[in-house]
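Undergrad: Just remember that the numbering used here sits 110 ahead of the position in the sequence shown, which is counted from 1.
Keep in mind that the hints were calculated from the coordinates and are not lab data.
Given the structure is predicted, the values throughout are model-derived calculations rather than measurements.
C-beta: ideal position from N, C-alpha, C; glycine also.
All clues stand as given, with none of them false.
Derived DSSO-like pairs: lysine-lysine, alpha-carbon spacing no greater than 27 Å straight-line:
1. 289 with 217
2. 187 with 173
3. 203 with 289
What follows is a set of in silico ranges between Cβ atoms, one per label pair, in the way DEER data are often shown:
4. 322 with 371: 43 to 49 Å
5. 371 with 237: 43 to 49 Å
6. 342 with 237: 29 to 35 Å
7. 203 with 288: 18 to 24 Å
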Amino acid sequence: MEDTAMPISPRELTQNPLKKIWMPCKNGLPEKHISQRKVCMTNCPTLIVTVGLPARGKTYISKKLTRYLNWIGVPTKEFNVGQYRRECVKIYKSFEFFRPDNEEGLKIRRQCALAALNDVRQYLGDEGGQVAVFDATNTTRERRGTIVRFAEQNGYKVFFVESVCEDPDVIAENIVQVKLGSPDYIDCNTEEAIADFMKRIKCYENSYQPLDEVLDRDLSYIKIMDVGRRYLVNRVLDHIQSRIVYYLMNIHITPRSIYLCRTE
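Please take these sequences and the hints and turn them into a complete structure.
TA: Shown next as structure tokens:
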């Protein structure tokens, strides 16, 4: 029997110059019936989430990664939850604020994290951002689950960056190099600041749940161990995530010396 169905003519494709999405075109204009969900699945924003105990280089990684992604043309912004906490609590007193049994401190920190996520939503939704870096400890599976649900509700991909370090010399060097200049310790001497920060780390250690190869096998992440001695990469899903992984495997988290020689 002869097929009387009308032939389906191929549709032209056009490129959206802002989001770099290829979509069906009709009469020179993108077809309006394409759902936002389909567009999002093609090129949805990415939320990078740091994981790790204090003094593991998370903020350094966040800043370097933000600068790199902007440099290659991907609009990226960092959201440091510690800065939100400092704006909320003007005067830092001691590590007691971070104790797991400090209910008021837990409430404030939770509110600061939610405020940062709201700003992430505004940046990726209203301001045209493509990548947001959520810089915080995020040491519990419960907190990371909250972030994943937030991302799913808003149509974002999530990529975790965990920094694990057990070398006491590296941790001590990071505290001296970075934390002593923090606004939290502006009125403290070196010994007091180091002692307080070490106690702050202890507040996180008991509840710390690292990314697990089995329990978190469905998540996309890179785990950086001992400032780059070893890496674990899981479920890299797209070009942006592959660029992130490549960059993080080629930066130095700890300071390096540069020697200049001159010959007569």
